[in-house]
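Residues in the sequence shown are numbered consecutively from 1, following UniProt numbering.
Be careful, since some hints might not be right.
With a Cα cut of at most 27 Å, we get these calculated DSS-like pairs of lysine-lysine [stated by the list, open to error]: (1) K358 <-> K393; (2) K2 <-> K21; (3) K358 <-> K368; (4) K473 <-> K229; (5) K460 <-> K473; (6) K473 <-> K87.
Derived DEER-like restraints, expressed as beta-carbon distance ranges [what the hints assert, rightly or not]: (7) K368 <-> N389: 20 to 28 Å; (8) Q160 <-> T421: 52 to 60 Å; (9) G550 <-> L181: 55 to 63 Å; (10) L32 <-> N371: 38 to 46 Å; (11) E344 <-> L32: 45 to 53 Å; (12) N548 <-> A459: 57 to 65 Å; (13) T481 <-> E428: 33 to 41 Å; (14) T421 <-> S528: 37 to 45 Å; (15) N155 <-> L466: 21 to 29 Å.
For the record, the hints were derived by calculation from the structure and aren't laboratory data.
Predicted model only: the values in this text are computed from it and were never measured.
Ideal Cβ placement from N, Cα and C applies to all residues, glycine included.
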Amino acid sequence: MKTDIQIAQEATLVDIREVAKSIGIHEDDLELYGKTKAKITDSALEKIADKEKGKLVLVTAINPTPAGEGKTTTTVGLGDALTQLGKKSIIALREPSLGPCFGIKGGAAGGGYAQVVPMEDLNLHFTGDFHAITTANNLLSALLDNHIQQGNELNIDPRQVVWKRCLDMNDRVLRNTVVGLGNKMDGMVREDHFVITVASEIMAILCLAKDIEDLKNRLGRIVVAYNFKGEPVTAGELNATGSMAALLKDALKPNLIQTLEHTPAIVHGGPFANIAHGCNSVKATKTAQKLADIAITEAGFGADLGAEKFFDIKCQMADLKPDAVVLVATIRALKYNGGVAKSELNTENLEALKCGIKNLEKHIENIKKYNVPVIVTLNAFVSDTEAENEFVKNFCESKGCEFALSKVWESGGQGGIELATKVLDVLEREEGNFTPLYPFNLPLEEKVEKIATEIYGAAKVEYEPLALRQLKKIKEMGFDTLPICMAKNQYSLSDDPTKLGRPENFTLHIREVYVSAGAGFVVALTGSIMTMPGLPKVPAANHIDVSNDGTITGLF
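Modelling step: build the complete structure from the supplied sequences, incorporating the hints.
So, in structure tokens, the structure goes:
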């Protein structure tokens, strides 16, 4: 059986200018990164500003498991299938992070015969967007520490610096550090921290910014520290806005590549959904809608994280109205949620399936809260049995959902025809009436409680003393009308990753709350979630290599 990277490397790619031409973009409106990658320029976006928007379909999933779900694979395959059915479709995805690529997850460009390519470029340096974000983040850190060193005109309290450095790598030893060691000229000694680049506020800002002016306004609002009076100090007050924006001006432009079947794919931005808002850029999604009959996008991890943040943060901020949701599950993952060990997942087990399907049930209920039609799709594995598939199909139909089997991993777009047909039926038959879970003007605690009780299924919310103090401070600063970005483990609906299926009557624990004023949301850290992941005992990096002729192997 061929690996994903082998399939990708054997593919014949068309010139990216031809891909752009297929959706009405002239090569003069591209910035080329070789023959297979390009950025879409502002001039192209201006030309399509008045075009009518296409339909918007969100692909999400049940809670991820070691058994695999295949959300990106399904997204790519659905786009290819819609193209085969004669629809002008565009896929809008996030860019992969180097952290999980070298950690435990491997590549993030889809899988099998439903991939975006060039796969190696996308998973590694791509067009340099993440490097620009990392550099802008760390420039702000350097300017902050230099300001303290050079007289501290803003009276910044070094004990209340909240801005963290970042690196796009899983490196646990950087979670807590001490900077400024050495002599007096090496800076003031203070505790510092690193987050992974995809958790940086600048990543969120880039993904939510409408244009360069909005980008600069958001960058200027970043709260970096507090002064000795307890008042916030911003990036704008450090005169950091212009230089950060200069680093980000090209990164702000969406990237265009293609699938194995040459369907256009706009891949831009990459915040994690467990510690950030988990959606690709607003510019990418809106561009896809303007250029296509149907734009297919995805949100990270399970629907409790990515879809909730897509609906309540991205859609509300950007005035997006999704027309349908595809909810991805696998028989294997449902059985895992039902208590079956990973080694036993290939054996038919209807009892475990009946137990584990409660996780799918909760996600269906959650999406329906937003008044968006749901199509459940099973990403097929060879070990799935007819009885298991039939059980899930009957269950979904009893919940008022459309159901389709997806075989895009093994057959590409052709394996997604059943799903694509169901999606088209829903788009033609049902008029979307998207409604967010909460309005922004709801008090912060009520927004947290709504997400915790209605989406996760918690009985109540408990705040640690530090979180309560932080919440009080945030409200005093006037940020109580911002949406909530919950940082929570992805494996469970609760804040305990060991509670699989559909946990009930649990308490959600909030240990820390902070404002991302530039991004425009308040982050609530739950349970033991980390903003700088660590590597596993045997990282994926151990298996990656490059041959003498430059061919990369082992990426996935």
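Do the hints match the structure? See the list:
Annotation: proposed proximity of K358 to K393 holds, straight-line Cα distance about 14 Å (limit 27 Å). Of the supplied pair hints, the one linking K2 and K21 is violated, its CA atoms being roughly 32 Å apart against a limit of 27 Å. For the suggested pair K358 and K368, the alpha carbons sit about 15 Å apart, so the restraint of at most 27 Å is met. Between K473 and K229 the CA atoms are separated by roughly 13 Å; this keeps the pair inside 27 Å, and the hint holds.
At roughly 22 Å between alpha-carbon atoms, K460 and K473 fall within 27 Å of each other, so this suggested pair holds. For the given pair, K473 sits about 51 Å from K87 by alpha-carbon distance, which is inconsistent with the 27 Å threshold. For K368 paired with N389, a C-beta distance near 23 Å keeps the hint of 20 to 28 Å intact. At about 57 Å, the CB distance of Q160 to T421 agrees with the hint of 52 to 60 Å.
Distance hint check for G550 and L181: the Cβ-Cβ separation is about 41 Å, which falls outside the suggested range of 55 to 63 Å. For L32 paired with N371, a C-beta distance near 42 Å keeps the hint of 38 to 46 Å intact. One distance hint, 45 to 53 Å for the beta-carbon pair E344 and L32, holds here, with the actual separation near 50 Å. Between N548 and A459 the Cβ separation comes to about 60 Å, which falls inside the hinted range of 57 to 65 Å.
Remark: the range hint 33 to 41 Å for T481 to E428 is upheld by a beta-carbon distance near 38 Å. Evaluation of the 37 to 45 Å hint for T421 and S528 yields a pass: the beta carbon distance comes to about 43 Å. Range check, N155 to L466: Cβ separation about 23 Å, and the 21 to 29 Å hint holds.
Violated hints for the displayed structure, listed by number in ascending order: 2, 6 and 9.
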